[in-house]
Amino acid sequence: MNNRIRRSGRLAVQVSRSLKTGGLVLMAFLLFLPGPARAAGAAGAGPATVNPADLDRLLKEGGATVLNVISRIECLDSRIPGSICPSAGDPAVLLPRLAPDRNRPLVLYCGIRECPQADPYLAAARPLGYTKVLVLKGGLAAWKEAGFSVESPGRIPRTPRPAVRPAVLKGWLEQKRPLTVLDIRMPGAYKQGRIGEAVNIPLEELHERYPEIPLDKPILVVDDRGERSFLAASYLRRKGLDAVRLFGGMRQWQVFLEKESKSRGKR
Amino acid sequence: MERLYCWLRRHGALLVAAGACLAWILTTVPGYASVSSSTCLGCHSGEPFKSRYAGSAHGANSCTSCHRGIADAGRHMRGEERPEPVACGDCHGEVARAYGKNVHFLRENFQCADCHGEIHGLRKTEGSVKKAIVEDCTRCHSRDEYVAAGHAEAVLKGNEDAASCADCHGLHDTRAFHTAGGAYPKEARTHYTERCEKCHSDADLVKRNKLRPNIVASYEQTYHGKVRDAGYPTQVAGCADCHKGHDILPKTDPGSSLYPANLVKNCGACHQGFHPRFVSYSAHPDYHDRENYPALYWAFIFMEILLGGVFLFFWTHTFLWWRKVYWEKHRREKEGLLPEQYFPGTEGHVQVQRFRPWERLMHVILIISFFTLILTGFPIKYPSVAWSKFLLELWGGNEVAGFFHRLAAFVLIVLVTIVAIKGLIYFFPKGQGMKGLVGRIFGPESLVPNFKDIRDIRDMFLWFFDRGPMPKFERWTYWEKFDFWAVFWGMFAIGVSGLLLWKTEWSSWIVPGWVLNVATLVHSEEALLAALFIFTVHFFNTHFIPTKFPLDRLIFSGTYTLDEMREQRPLEYERVMAEERLEGLKREHPGIAVKLFAAVFGLGSLLLGLLLTVLIIWAMLAP
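In order, the protein sequence lines correspond to chains R and V.
Mind the numbering: the first sequence is residues 506 to 772 in my numbering, read in order.
Mind the numbering: the second sequence is residues 46 to 668 in my numbering, read in order.
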C-alpha cells in the first residue's frame, strides 16, 4: 500500500515536472511564433516595390525603364521625367517595344496609393523574361512629396469644375433629371457597382473614346475617390464638353448610401 | 574733357575687357542670354501681354524673367528654341515649398495659374484677402453650405475675424487629409480642432465678436478634451464632430447641429443606446458659471471646500506632529536616552497580533488597485503634462488604460463590499441581533468615531504645544478612523460618479446628461483628494513619522511587540491585560519572507506614492 502511494507520488512529481517543462517549451514556442500580420504578409507578398529615393538613384545611375501605367491623359499632364506614357493596348505587345532590354529594371507607377493598372503589365512581364520589375511605392504623389521634379509634356489646363455632393446627386436621380453619368474607373470596378445607367469609359481610354459621350445631357464624371475626375472634366472641357464631377467619387457615394440606410434603419 | 580723355587712354583696355566680359555673360549665362520684352511683344501681341501685363503684379519683370531659356529670338521663332517651364518657386520659394505638400498638387497636379488665374493680368488683391480666398476656392468647391452660412458667410459680409477656407484648410499647404477626414481621422481631427481653438481662445477676438468666453478651456475640462489632449483624438469628439464643418450655425437656428431637436442625432453619430436626456450633457461645462450650470457650480464649491478643509486640518496636524516628535527625538538623543536598549527574552519583546491575515491581504490588494487607478486615471486628469503621455503609452493607449482603470475599480468595489459585510457581521453578531448594539458601535473595538476621539484630537494638539501629555489611545486612533471612513466616503463619491461614467449611455437611463458633468467633476476632484491624502497624510501618520521612518511593516507582518502595543495603544494594552487575552494574541516573530516582502513592496509603494505626489504637483503647477 505504502509502495503504491510512494509510486503514485513519484508519478505525480514526474507529471508535474513534465507539465512544467512542456509549459515552458510551449511558452517559448508561442513567444517566437511569427505574428499573424507577419505570416499574412509572407503569404500575400505583392510585387517588388521601390521608393522614390531609390528610384531617383536608379535613374541617376542610368539603369531603368520607367512606365507610367495610368491613363495617357494623366501621364502627359504630369510624369516622372523621362518616363514613358504607353497607349492603351495589350501589355504583352507593348512591353517588348517600349522596353526592349529585358535585363534593365522596369519600373511601373500610378498616381497615388494602389496601382491596379500595373497588374496586366506585371502579368505580361514575367513570361516575357523581364528580370526585375518594380512598382513605385506611393506612386507619382509620393515622388512629388519627396521633392522630386516632374515634367508636363501635354498639360491639360484646369478650369473650375464644380463638384456635386452625393446627397445632391441622389436628389437629381430621384427627380429623374437628364444626366449622363460618365464612370471613368476600370471596367472591373464598374461591373461591381455603378450609379444608375452610368457609361463606362476608363480614363485610360478617354482620349480615344470621348466622342462616344452623348451630347444631349449634362455630364457627371465619376471616379474612384474623386481624385481623377477633375482632370477628366478639364480634359472634356478642352474638347468642348461641359462636365461636373462627383465629390469624393464612388467611395463617397457608397459611404453616403451606407449612412442613409443606417439612419433609415434607426428610424 | 581733357581729363576724361586721359582717363580713357589710361584705362581703355580695362574698360574694353570689362565690356567684353559683360557681353559674354549676357549672351551665354542662362537667364542673362535673353531677348528684350519689346521683341517678345512683337509677336505675342495678345491682350494680356500687351495691355494688362505692365500693370499687373509681375509687371516690373521682363518676359524672360519667367520664360527662361530663350537666347535667340530668331531660333525661338523658327521653333528651334523653346522656353523652359515657368518656375514660380524661384521667386516665391516659401510658397513653393509649402505647395509641394499640397493635396491639389500631389493628387491633381494643380499649378499656380489654376487658382491664380491668367497670370499676365494678375493684380494684387484689393480689399479683403479672406473674401478673395473664399471666392476663389468656391469656384470649384461650390457646395452651397460653404458660403450660405457660418464662417464663410461672415467673411463675405465683411467680418475679417471670421475664418476663410484658408484659415482652417491652409492656403498653400492644404494637406491630403483635409479632404478626407475619414481616411486620416487622427491628423484631420487634431488639425481642425487646433485650428478652431486658435481663434476661439483669442480673448480679444472672442470679446469683439460677442462669442462665449472659455469655450476652449471648458472643452478641455471634459473627457473629450482631456483624451484629445493626451494624444488620442480618434477616440473622442473634436470641434467639427459636433459643430460640423461648414454649416456652423447658432444653436437657435433649426439648421444647426446643436439645435435642441438635432442633438440626439448629433450625439448619436458616436454614442449609441442612450436615453434622449443624455443630450443635456454639456460639452463645454463652466464650473464658474453659476447662472447656467448651478449644479456644477455648487458641486465645484463643495469639492473645493472639502479638499481645502481636509488638507488644511491634516497638513497642519501632520506638520505639528512631525515637529513635536522630531524635536522630542532630538532632545532624547542629546540626553543619551536614545536609542533605547531592549532586554532580550523579556515579555515586552513578544509579538502580538494587530491585523489578521485577511486584513493584511486586503490591504495589499487595496494598494495595488489604488495605484492602478491613479496610474490609469491621472494621465487623463492632467493630459497635457509630458508624464501623462508617457504613462498612457506604457499602458498601451487610452483604451487599455481605461480597461485597467475599470478592472481596478471593480476590485476596489469588491474589497469595500467585503469590509461592509464584515462590519455588519461585527455589529449584528449571530444570535445577538440588536442586543448590545450601541456598545458595539461606540465600543473600543469599533471604528465608529466617539466622544473620546474629539477629546483625543484636543489633547493631541495640546501635546503638540507641550501643554499636556500625549493622549492614551485605544485600539483605533481618530486618524485611523478617518482613514477608514475616508475610504467609504471616497467610495461613495468616486465610486458612484465612476459607475455613472463607466458607460455614460447606459447611465442616461438613470440620470440626465448634466449629472455626468457633475460626476466628472466629483470623480476628478475626489481622486485628487484621495491620492494626496494617502501620499501626504496617511504615509506620514503611519510610516514617515520619525519614530517609524521609513516604514512601519505592521500592516504587512500583522504583528508588533508588546512594548510597542503598550506605548502606542496603552488603553488597548490595559484592556487586553485586564481581560487576560494576551495569550490569544501572541504570535511567532514574522518570518524573513514576510519582512522582505514588507520591505520591498512597502517601501516600493511609499516611493511610488512620493513620486506620484511630485508628478501631481508638477501637473498642478504646469501652465
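Derived from the structure by calculation, the hints contain no laboratory data.
Hints are not guaranteed to be accurate.
Stated by the list, open to error - In silico SDA-like cross-links for lysine to any residue, where the CA-CA straight-line distance does not exceed 20 Å:
id	chain 1	residue 1	chain 2	residue 2
1	R	Lys-764	V	Asp-292
2	R	Lys-764	V	Lys-296
3	V	Lys-146	R	Val-760
4	V	Lys-310	R	Val-760
5	V	Lys-296	V	Phe-358
6	R	Lys-764	V	Asp-286
Hint-by-hint comparison with the structure:
1. Our distance criterion of 20 Å between C-alpha atoms is met by R/Lys-764 and V/Asp-292, whose separation comes to about 19 Å.
2. Proximity of R/Lys-764 to V/Lys-296 is assessed by CA-CA distance (about 24 Å); at most 20 Å being required, the pair is judged violated.
3. Between V/Lys-146 and R/Val-760 the alpha-carbon distance is near 27 Å, which puts this suggested pair outside the 20 Å criterion.
4. The suggested pairing of V/Lys-310 with R/Val-760 holds, with an alpha-carbon distance near 17 Å, which does not exceed 20 Å.
5. About 46 Å separates the Cα atoms of V/Lys-296 and V/Phe-358, which puts this hinted pair outside 20 Å; it is violated.
6. Of the pairs offered as hints, the one joining R/Lys-764 and V/Asp-286 holds, with about 15 Å between alpha carbons and a cut-off of 20 Å not exceeded.
In summary, the structure is inconsistent with hints 2, 3, 5 from the numbered list given earlier, while agreeing with the others.
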